[in-house]
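Trainee: Take the given structure of chain A and dock chains S and R to it, following the hints.
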Amino acid sequence: MQIERLAPLESADAQSLSFLSSAKYRAQLATSQAACVIVAPALRDEAMARSVHGLSGGPACIVTPDPYLYFARLTQLWQRARRATAPAGPRIHPSAVVDALAQVDPSAVIGPLCVVERGAKIGAHTWLKSRVTVGEDCVIGARCILHSGVVIGADGFGFAPVRADAETRWEKIEQLGAVRIGDDVEIGANTCIDRGALADTVIEDGVKLDNLIQIAHNVRVGRNTAMAACVGVAGSAIIGANCTIGGGAGIAGHLTLADNVHVSAFSLVSRSLHKPGHYTGAFPLDDHASWERNAATLKQLAGLRERLRALEKAHGSESSDKAIDKN
Amino acid sequence: MQIERLAPLESADAQSLSFLSSAKYRAQLATSQAACVIVAPALRDEAMARSVHGLSGGPACIVTPDPYLYFARLTQLWQRARRATAPAGPRIHPSAVVDALAQVDPSAVIGPLCVVERGAKIGAHTWLKSRVTVGEDCVIGARCILHSGVVIGADGFGFAPVRADAETRWEKIEQLGAVRIGDDVEIGANTCIDRGALADTVIEDGVKLDNLIQIAHNVRVGRNTAMAACVGVAGSAIIGANCTIGGGAGIAGHLTLADNVHVSAFSLVSRSLHKPGHYTGAFPLDDHASWERNAATLKQLAGLRERLRALEKAHGSESSDKAIDKN
Amino acid sequence: MQIERLAPLESADAQSLSFLSSAKYRAQLATSQAACVIVAPALRDEAMARSVHGLSGGPACIVTPDPYLYFARLTQLWQRARRATAPAGPRIHPSAVVDALAQVDPSAVIGPLCVVERGAKIGAHTWLKSRVTVGEDCVIGARCILHSGVVIGADGFGFAPVRADAETRWEKIEQLGAVRIGDDVEIGANTCIDRGALADTVIEDGVKLDNLIQIAHNVRVGRNTAMAACVGVAGSAIIGANCTIGGGAGIAGHLTLADNVHVSAFSLVSRSLHKPGHYTGAFPLDDHASWERNAATLKQLAGLRERLRALEKAHGSESSDKAIDKN
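Those protein sequences? They're chains A, S and R, same order as listed. Residues in the first sequence are numbered from 154 upward in steps of one, following this note's numbering. Residues in the second sequence are numbered from 154 upward in steps of one, following this note's numbering. Residues in the third sequence are numbered from 154 upward in steps of one, following this note's numbering.
The set of hints was computed from the structure by calculation and includes no laboratory data. Heads up, some of the hints might be wrong.
Each pair may be met inside one copy or between any two copies, as identical chains are not told apart.
[To be verified] Here are the simulated lysine-lysine pairs, DSS-like style, with alpha carbons at most 27 Å apart:
1. 452 with 466
2. 428 with 177
3. 466 with 177
4. 325 with 452
5. 466 with 325
If we strip away everything but chain A, and leave its shape as in the complex, we get (with noise of 0.2 Å):
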C-alpha cells in the first residue's frame, strides 16, 4: 500500500489516507474505500472490517485516543513535504514595501506587495501572506500567519461630534494607540484590526480569527479565543480566553465576555456576559408566507402579552407573569 493523498471518507480511495473525527460519521466509515483510516480505539474493528476494491492486503487503520488532533499533524507534515518540493522564494518579497524603521525578525516571511510601516515588529517565523498591511507600530508576535489583504493597525473608528448651524459635523479623534498580536495567531483574509485610540488593541497568544472580521479600537481578544467568518467586535469590547465566537455574530462595544462563552452564528450580544456558557440570538428560518405572518405578529407581541393577562385575571387565574423590566 502507497498512500498518495488525504482524502475524506467518502471520497477517498485505495490509495488514500482517511480519518474519522466523531462517531457520526461512522456511517460512512463501512463503504469507504479509504486505504487507510485513522480511528480512535473503539472504532478500531469498524475500520478494519471493511471491504476495499483494488487493495491487496486488506484495509488498514491508525489508532489514536485523538484522530482529529492526529489528522491535524499529518496535514502539517503532508504540507511541509509538498512546500520541500517548492522553490523556495525570497524571505521578503521584492514587491513588499517595509519601512526602514520596521523590525522584521530574519525568519519571518513577508509575501508580495504586503506593507509594513515604521515601527512595526514581526515576530519569528511569522508569515504574512500576499498583500497584507501592518501599520506603524503594530507588533505581530512569534508563528503567526496573516493571509492575504489583512489590514492590522487602520485607525480606530473615532470622532467628536460638533454641533454647529443646526447640524452635526464629526471631528476626527486620532488613533494614538498600536495593534499588538501575541504569538501563535491566525488571521483570516481581508479581516481588519484597527489601532487603539489611546492604549492597543490586543489579540493574545493562540487566537484564531477567520475572514472579514472587524476588530475594532481597543477591544482584547484572550488567550485561544476562535471567531468564524463575518464578526464584528465593537470599540473596547473584552472577550474573554477559549471563547467561540459564530459566523457573523457581532459583539456590542464596551461590555466584557468572560472566558469559555460561546456564542452562536448571527447573535448579537449586547450586554456583558459574566458566566461561561452557550448563547444565541437569530431569528428561526421559515418558508417566507409564514415568516411574514409571524413577524407582522411579533410586532404587537407585548400587547398579546397583556391581553392574556387580562384574560388571566378575568378568568381568576394568578398571573404567573413575570416582570419583563428586571430582563
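Mentor: Structure of chains S and R alone, referenced to chain A:
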C-alpha cells in the same frame, strides 16, 4: 437625434437612451425626457405618445420582448466602445506578481498589483482587476471577472482542539485542497473564497458573487446562483443551481440547499432546504421603544404559550397547540 | 509637570493628560492618577480634589464646555507633532500605480501599492493609505482619508436574467456611472463603494464610514452620516444627512431614509423611514436553551394570536386585536 448617453428614465434628456424594465415604473415613462426608450410591445404606444422638449421629430422607442436584457447588452456595447478609445494596457501589468509556474491564458488580463501564485490557472478572457490574489493551484475559468481585493485560495478555517493544562489550544489543519471556479463567474470586491481542506472548494459556471462575501472551505455553489453583498457561507455547505441569496444572509456549514432556493436578506439558513422556495428569517424593524417592549416579551414567549394552553384547558376549548418539538 | 502621553482616566499616570467626556464616568475621575484632566466646568472641583501620587504641586485640569471635542483636537495636535519627527515619505509612493490620466492634487498623499485609474480625481490634502483602489473616473474630494484595502468604483452588482433551456443565466449590465465622494470623508479599511449603473454613487461631505462596509451602486449617503463597521447598503438606497447606522446593520435597496434617522446595530431596514428617530430590529440574546424554546414558539406566533382571539371571543371580552395587515 443623436444618443450621447444611457440614462434612467427620470434623469434622461433629449440626448439619452433609456429603458423601462417593468410595468410598475410606467408612471415615470409618461414624463421622461429620454429621446428613445427601450420598451416591451405593450408599452410602445405610451412610449411614443410622450412629449420631449427640444427633440425635433418626436420621441423614438426600441420595442423588444425583454427590455432589461436588451439594455444589459446595450451597456456592454457602450462599454466596449468606451474602452476602445482608452490606451490599451499590458495584458499582465508590470506591477503584478505572477509566479513562473502559474498558467495565464494569453487573452486574460492581470491588473496592477495582483498576485497569481504557483500552479494557479487563469482562463481565456478572464480579467483580474487590481489587487486580486489567486492562490497556489487555484483554477479560474474563462470569461470571469474578479474585482479589486478579491482573495481566492486563502486557507480554510480548520483547527483541531488540543486540551492541555486546563486550556484548549488550536492545532492547525493545513488546507491541502484548492479552489476551482467555472466559466462566466463574476466576483465582487474584497470577496474571499477559501481553499478546501482536502477536496476543493467549487464555484460552478455562471455564478455571480457581490462584494465582501465569504465562501468557506469545501463549499460548492451551483450554476448561475447569485449572492448579494456581505453573505457568509460556512464550510462544506452545498448550494444548488439558480439560487439567490440576499445581502447579509448566512448559510451554516455542512448543509444542502436545493436548486431554486431563494433566501431573503439577513436570514440565517441553519438547516438543509430540500425544496425550492422562498425562505426568510429576519427580525422586523420597529421604532426602538416598540422593539424594546416586544423583544423583552419575546424572551418569555414559550411561557406565554404555556399560559395560553392552560387558559384554553380551563375554558374547555380543545387546544390546537402543535407539538413544537417536531418543528 | 510634563505631559508625556494622552491616556484614559483609569490607566493615566503622573505624566498623562486625560479627559472626562461624560459625567457617567465620574467615578473613574476620583481615583485617576492623571496629572491633568480635561473636564466640563461642573466637574472642575472634583478634578482638582484628586490626589495624584508622585506629582509635585497637585493635579491640574483644563476646563472647557466640550471636553470630548477638546480631546479630539488635542489628539490631532499630538499626531501632527509625532509625524513631524518622522521622515517625510514621497507624496505619491513609487510603488503606487497612478494612471497618467488621473488627476492627483499636489497636496494629496498616495500611499504604497495604491491604484488610481484613468480619469480619477483625488482632491487636496486627501490621503490614500496603502493598498487603496480608486477606479476609473471616480472623484474623491478634499481632506478625505481612505484606509488600507478600500475599493472605490468596483462594478455595481447588476445582471439581467436570461431564461434559456430551463435555466436562468445572468447577463452583465455594464456599470457606466462612477463614484463621487465629497470633502472631509473618512472611509475605513476594506470598505467597498461600487460605481453606479448609469448615474453615480454619491457620498456627501463629512460622511464617516467604518471598516468592511458595502455601499452598492447608485446609493446616496447624506452629509455627516456615520456608519459603524460591517454595514451593507443595497442599491439605490437614499440615506439622509446626520444619520447614524449601527454596526452590522443593513439597508435594503430602493428606499429612502430621512435625515436624523438612527438605526441600531444588526437591524435590517426593509422599508423607507420618513421620520427621524431611532429604529431597531435585532433578536435579543438569550442562553441557548431559552432561545431554542422561544424560537420554536416564534414559528407559531400568528397561530397563538388566533387562539388568544378565539378565547377572548368565547369569554365575551372585546378583542383589542389590531388589523395586522396595515402594519
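Trainee: Hint by hint, say whether it matches the structure.
Mentor: Outcome of the hint check:
1. Proximity of residue 452 to residue 466 under the C-alpha cut-off of 27 Å is found in both arrangements, the shortest distances being 24 Å within a copy and 22 Å between copies.
2. In the homo-oligomer, the alpha carbons of residue 428 and residue 177 lie at most 27 Å apart only across protomers (25 Å), although the nearest pairing inside one protomer, at 30 Å, exceeds that limit.
3. When the C-alpha separation of residue 466 and residue 177 is checked against a cutoff of 27 Å, the pair qualifies neither within a copy, at 50 Å, nor between copies, at 41 Å.
4. Taking the closest pair of Cα atoms, residue 325 and residue 452 never come within 27 Å of each other, the shortest separation being 39 Å inside a single copy and 39 Å across copies.
5. For the identical chains of this complex, residue 466 and residue 325 are neighbours neither inside a copy (57 Å) nor across copies (60 Å), given an alpha-carbon limit of 27 Å.
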